[in-house]
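J.: Okay, here's what each chain looks like letter by letter:
2 protein chains.
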Amino acid sequence: MADSKTLALLGCGLMGGSFALAARQAGLIDQVTGYSVPQQHAEHFYEQGLIHKVATNAADAVRDADVVLLAAPVAAIPGLLSDIATALPAHALIMDVGSTKRSIQSAAQQALGDHYPRFVPTHPIAGKEKAGSSEPFATLYQNRTVVLCPDELTDAQALQQAQQLWQAIGAHPRLMGAAAHDRGLAAVSHLPHLIAFAYMDALLNQPDCDELLALGGPGFRDFSRIAGCEASIWRDILPDNRDQLIPLLNAVRQSLDQLEKVINQDDTNHLEAILSRASQARIQWK
Amino acid sequence: MADSKTLALLGCGLMGGSFALAARQAGLIDQVTGYSVPQQHAEHFYEQGLIHKVATNAADAVRDADVVLLAAPVAAIPGLLSDIATALPAHALIMDVGSTKRSIQSAAQQALGDHYPRFVPTHPIAGKEKAGSSEPFATLYQNRTVVLCPDELTDAQALQQAQQLWQAIGAHPRLMGAAAHDRGLAAVSHLPHLIAFAYMDALLNQPDCDELLALGGPGFRDFSRIAGCEASIWRDILPDNRDQLIPLLNAVRQSLDQLEKVINQDDTNHLEAILSRASQARIQWK
Numbered sequence: 001m002a003d004s005k006t007l008a009l010l011g012c013g014l015m016g017g018s019f020a021l022a023a024r025q026a027g028l029i030d031q032v033t034g035y036s037v038p039q040q041h042a043e044h045f046y047e048q049g050l051i052h053k054v055a056t057n058a059a060d061a062v063r064d065a066d067v068v069l070l071a072a073p074v075a076a077i078p079g080l081l082s083d084i085a086t087a088l089p090a091h092a093l094i095m096d097v098g099s100t101k102r103s104i105q106s107a108a109q110q111a112l113g114d115h116y117p118r119f120v121p122t123h124p125i126a127g128k129e130k131a132g133s134s135e136p137f138a139t140l141y142q143n144r145t146v147v148l149c150p151d152e153l154t155d156a157q158a159l160q161q162a163q164q165l166w167q168a169i170g171a172h173p174r175l176m177g178a179a180a181h182d183r184g185l186a187a188v189s190h191l192p193h194l195i196a197f198a199y200m201d202a203l204l205n206q207p208d209c210d211e212l213l214a215l216g217g218p219g220f221r222d223f224s225r226i227a228g229c230e231a232s233i234w235r236d237i238l239p240d241n242r243d244q245l246i247p248l249l250n251a252v253r254q255s256l257d258q259l260e261k262v263i264n265q266d267d268t269n270h271l272e273a274i275l276s277r278a279s280q281a282r283i284q285w286k
Numbered sequence: 287m288a289d290s291k292t293l294a295l296l297g298c299g300l301m302g303g304s305f306a307l308a309a310r311q312a313g314l315i316d317q318v319t320g321y322s323v324p325q326q327h328a329e330h331f332y333e334q335g336l337i338h339k340v341a342t343n344a345a346d347a348v349r350d351a352d353v354v355l356l357a358a359p360v361a362a363i364p365g366l367l368s369d370i371a372t373a374l375p376a377h378a379l380i381m382d383v384g385s386t387k388r389s390i391q392s393a394a395q396q397a398l399g400d401h402y403p404r405f406v407p408t409h410p411i412a413g414k415e416k417a418g419s420s421e422p423f424a425t426l427y428q429n430r431t432v433v434l435c436p437d438e439l440t441d442a443q444a445l446q447q448a449q450q451l452w453q454a455i456g457a458h459p460r461l462m463g464a465a466a467h468d469r470g471l472a473a474v475s476h477l478p479h480l481i482a483f484a485y486m487d488a489l490l491n492q493p494d495c496d497e498l499l500a501l502g503g504p505g506f507r508d509f510s511r512i513a514g515c516e517a518s519i520w521r522d523i524l525p526d527n528r529d530q531l532i533p534l535l536n537a538v539r540q541s542l543d544q545l546e547k548v549i550n551q552d553d554t555n556h557l558e559a560i561l562s563r564a565s566q567a568r569i570q571w572k
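So the protein lines, in turn, are chains R and G. Note that the working numbering gives residue 104 to position 104 of the first sequence, counting from 1, and the numbers run on in steps of one. Count along the second sequence starting at 1, add 286, and that's the number in the working numbering.
Bear in mind the hints are in silico, worked out from the structure with no lab data behind them. Some clues are possibly wrong.
Claimed, not checked - Listed next, the in silico SDA-like pairs over lysine to any residue satisfying Cα-Cα at most 25 Å (straight line): (1) G:Lys547 <-> R:Gly217; (2) G:Lys414 <-> R:Gln280; (3) R:Lys261 <-> G:Leu490; (4) G:Lys572 <-> R:Ser134; (5) G:Lys572 <-> R:Glu135; (6) R:Lys261 <-> G:Arg388; (7) G:Lys414 <-> R:Gly217; (8) G:Lys547 <-> R:Gln280; (9) G:Lys547 <-> R:Pro247.
Using the sequences plus the hints, can you model the full thing?
T.: Right under this line is the structure:
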């Protein structure tokens, strides 16, 4: 990483800010240029000392960059890729941190031309620990899996550089095709978010919602935490991955139908068998 | 509580054991007799020094009790109430810690006769913090809401004694009718458990389940934690409260249908509006 000293951060939120903080602490980056829509996010980062410069457009942000990190909402990334394509230095490593990978990989292939081999689609599986809080912190990626999705065109050196970068800030890189990523994340992230949002929505539709919520304990707290995530992020992710998401949602619907049936039939043995299999699998997870 | 020195613990698990520990630490109880099915749970508590005696039947366990705590699975409580009815001392305070209250209150009214006014249906809203772990600990109830469900027959002194007992171990008593309790808990506990179990069941039905689970991050961890709860507990709770549970499940189904519709229509504004309302409500919770 001797030549990777300047980071262009396109999008100034929790994910990008935490990457910049961690990469600077690890000595991998010494200059950070930020760009965001709205611009006050980048200005806020500048005032906090998180970045060194605020760029007024995406192309200007990347002109001197050794590493470009696209850390904007998923739906904004194709536009950003088009905006930076002609301004990218030939040696720059380009990564994103979006929660879906096929659509971004495809947009990059269309937008980046000769730079495409140095684009490594990336998804660090990390996020807020508390509903609502979004201040960047340097340890966000420590001990977290980061999925890298190279394809047959990806430059081997760019991929290696990306792996080393994430390893240096404590994350565990894992290589995977974009399609496998999108199915996996639909199952363990997008679907739980969708269900948690729907659950909160259903409670809010109850006339006695306030009385119900007042009784929530630790189970409610943990189960619903991800319903406190940002709507402006998830409004993009859910439609972008719907071909993977909806079949898995239908599988949950089937399981709910089955559980309702055995509950209504007072079929205690069958009910316990289903709950027991689920419980054992969850206890054995990691 | 000058005369409340002996506790009969019917059921020797996390809830009962933690109550005994906390009550002894607070100096409210100095003798504990335990009874459980299977008996080895009580024997395990005895070996750990958590209880002083193991009773071989429920009636023997309560003969000298000042306080009786029914801390067995919900479906076992009606039988225990019948078993102890003729052995109860006239002054004993009787409580349970079951997650549903109407069915237990009704069973108590049928079983306890003259003792019924000293029965206070109780539900401390606390539980395991980690999937799978179930060792009792003295602080389980600290700062937790404990719902007490007296009715018009409940003895005022017994109710006051119950409130003082829970307050002394750090819990916050809250009085509520059994029906309001059962609706509230259906919404914030039983329904999340049902959905979390169904979610794990749906993942387990996928042929690539292991690959999917390997990608789970903090969102998956928290959302699915309660799916690691004990099947033998939840096999009783869910059917017992189904008249409250299923209509709320249907409300979640409707919210999921609505979300699927706007996702499929790429109706980003509508989608963001639904997610945003859910997110704001979750952030503002407590």
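J.: Straight-line Cα separation of G:Lys547 and R:Gln280 no greater than 25 Å?
T.: Violated, at roughly 34 Å.
J.: Keeping to a limit of 25 Å between CA atoms, is the pair of G:Lys547 and R:Pro247 held or broken?
T.: 14 Å, holds
J.: With a cut-off of 25 Å on the C-alpha distance, tell me whether R:Lys261 and G:Leu490 pass.
T.: 19 Å, holds
J.: Is R:Lys261 close enough to G:Arg388, meaning Cα to Cα at most 25 Å?
T.: OK: R:Lys261 and G:Arg388 at ~22 Å, within 25 Å.
J.: Has the given pair, G:Lys572 with R:Glu135, been kept, meaning a C-alpha gap of at most 25 Å?
T.: Answer holds: G:Lys572 to R:Glu135 is near 20 Å, not above 25 Å.
J.: Decide if the proposed pair is consistent with the structure: G:Lys414 and R:Gln280, CA atoms, cutoff 25 Å inclusive.
T.: It holds: about 15 Å lies between the C-alpha atoms, which stays within 25 Å.
J.: Run the distance test for G:Lys547 versus R:Gly217: straight-line Cα separation, threshold 25 Å.
T.: 31 Å, violated
J.: Hint check: G:Lys572 vs R:Ser134, CA-CA at most 25 Å. Holds or violated?
T.: 18 Å, holds
J.: Holds or violated: are the alpha carbons of G:Lys414 and R:Gly217 at most 25 Å from each other?
T.: It holds: about 11 Å lies between the C-alpha atoms, which stays within 25 Å.
The earlier numbered hints that this structure contradicts are 1 and 8.
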